[in-house]
Amino acid sequence: MKMLHQFANPTRFLRLSTRVEPWALVVTVVCFALGLYYALFSSPVDYQQGHTVRIMYIHVPAAWMALFCYTAMAVSAAVALIWKHALADVAAKSTAPIGAVFTLLALVTGSLWGKPMWGTWWVWDARLTSMLVLFFLYLGYMALRDAFDDPARGARASSILVIVGFVNVPIIKFSVDWWNTLHQPSSVFRMGGPKIHPDMLVPLLLMAAAFQFYYFWLLLVRMRRELMAQRLRALRHRQAEH
Amino acid sequence: MKGLMAIFRRELRLAMRQSTDSAMVVAFFIIAVVLFAFGVGPEPNMLAKIGPGVIWVAALLAAMLSMDRLFQSDHDDGTLELLVLAPVALELTVCVKILVHWLTTGLPLIIAAPLLFVMMNVPTEIWPVMLYTLLLGTPVLSLIGSVGAALVLGARRGGVLLSLLVLPLLIPVLIFAVGAGDAVLFGQGAKANLLLLGGMFLASLALAPWATAQALREAVA
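Note that the protein sequences, when read in sequence, are chains Z and Y. For what it's worth, our numbering labels the leading residue of the first sequence as 70, then goes sequentially. For what it's worth, our numbering labels the leading residue of the second sequence as 15, then goes sequentially.
Simulated from the structure, these hints should not be mistaken for laboratory data. Any given hint could be a false lead.
What the hints assert, rightly or not - Computed footprint of chain Y on chain Z, listed as stretches where at least three residues anywhere in the stretch have a Cβ under 8 Å from a Cβ of chain Y:
1) 196-206
2) 210-218
3) 289-303
Claimed, not checked - When the alpha-carbon atoms are kept at most 30 Å apart in a straight line, the in silico DSS-like pairs for lysine-lysine are as follows:
4) Z:Lys242 to Z:Lys184
5) Z:Lys184 to Y:Lys205
6) Z:Lys242 to Y:Lys16
Idealized CB from N, CA, C, for every residue including glycine.
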């Protein structure tokens, strides 16, 4: 815990992040190169879905990241509310648009996959629907954050909102499942190990790693930018006072 | 306890003096449902099929419309700061305000609902179940709505924002409430749905006042 508090110092964070950033970018690019090669060229064609199965290598990691980002936001928001770490709040703010775009990506790729497989762009399937609700939760967070003239007030209000939303996400998921289910059950995380063939699992995991590192890299860039913007604002205020 | 009673009486008196507010919420509820009849056509079987869902969606929207008056006027005239500073726990004050809000908006909606059951040709065998779902579900709308209402205090376009924040969180209530009616029609009985709705009511009763109170403290800080 003490170590975490040390990292919460914005200046130390800026120094560290400038050093980590290029490495994160390199790992991202390598993972994407390997992952995309395996996913697009070297993995087998599904016996039922044909080449359409390759959409999965984008779709599934995007959906995982959509959930991961919301969790990260909720944890950051809780840390920001409890220990008043400014950095945690910056992390939550910077994560929101990234998570929203991952959610949108999962929705769009799901819809592109649905057209040849189910015959329509959109079905009110349980997983698609709960992803859509998650997208609304992201939008609500960003809208609330921007709705105040005082940025600190927006930060605290949206932190509470994201925690309330986090408690609700499993309930929404469960209720939407109850409401309707057409989607195939999860085939990677399940009792008795993954059911998916290794030839498809390897590119999937590579792509998941690529998405994860991409998020990490983008988060560092956005957080740095946000911290700079805050300093600039503070400087302008000081200048205006003189 | 004495303080809570005083707040209860104050809230109730304020709501009674502005009773047109409650009437407007009910009027909106009825008009919204009637619009659906114009939208989809007067065919009785069609209306019976969509009736419970339409009535519930309209109740949800009507509850959202009434939500901003929960804290807004207190925030504007400074009463909210006194309520936060009062020796009564803010969580309990919030509970009392939500209770009065439900008595003056949720309850009138439930009383008006049978009229809409007749107009939407809802099958009589699901009338009692639909009333139970409204009885269990509308307090959840008030409870979760109160969190949103407290969060948007002082925001630009609070009303529209409130809907964006709260409506996604209320989807489960809608699903189980309308599911209860369908379950009766399919002959399965509505017990599971009603128990789940009751669970949501209790969970939101336990958790929502904390979040609302915290949001109020932030709003006046």
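Hints versus structure:
{"no.": "1", "hint": "196-206", "in the structure": "holds (count 3)"}
{"no.": "2", "hint": "210-218", "in the structure": "holds (count 5)"}
{"no.": "3", "hint": "289-303", "in the structure": "violated (count 0)"}
{"no.": "4", "hint": "Z:Lys242 to Z:Lys184", "in the structure": "holds, 23 Å"}
{"no.": "5", "hint": "Z:Lys184 to Y:Lys205", "in the structure": "violated, 38 Å"}
{"no.": "6", "hint": "Z:Lys242 to Y:Lys16", "in the structure": "violated, 42 Å"}
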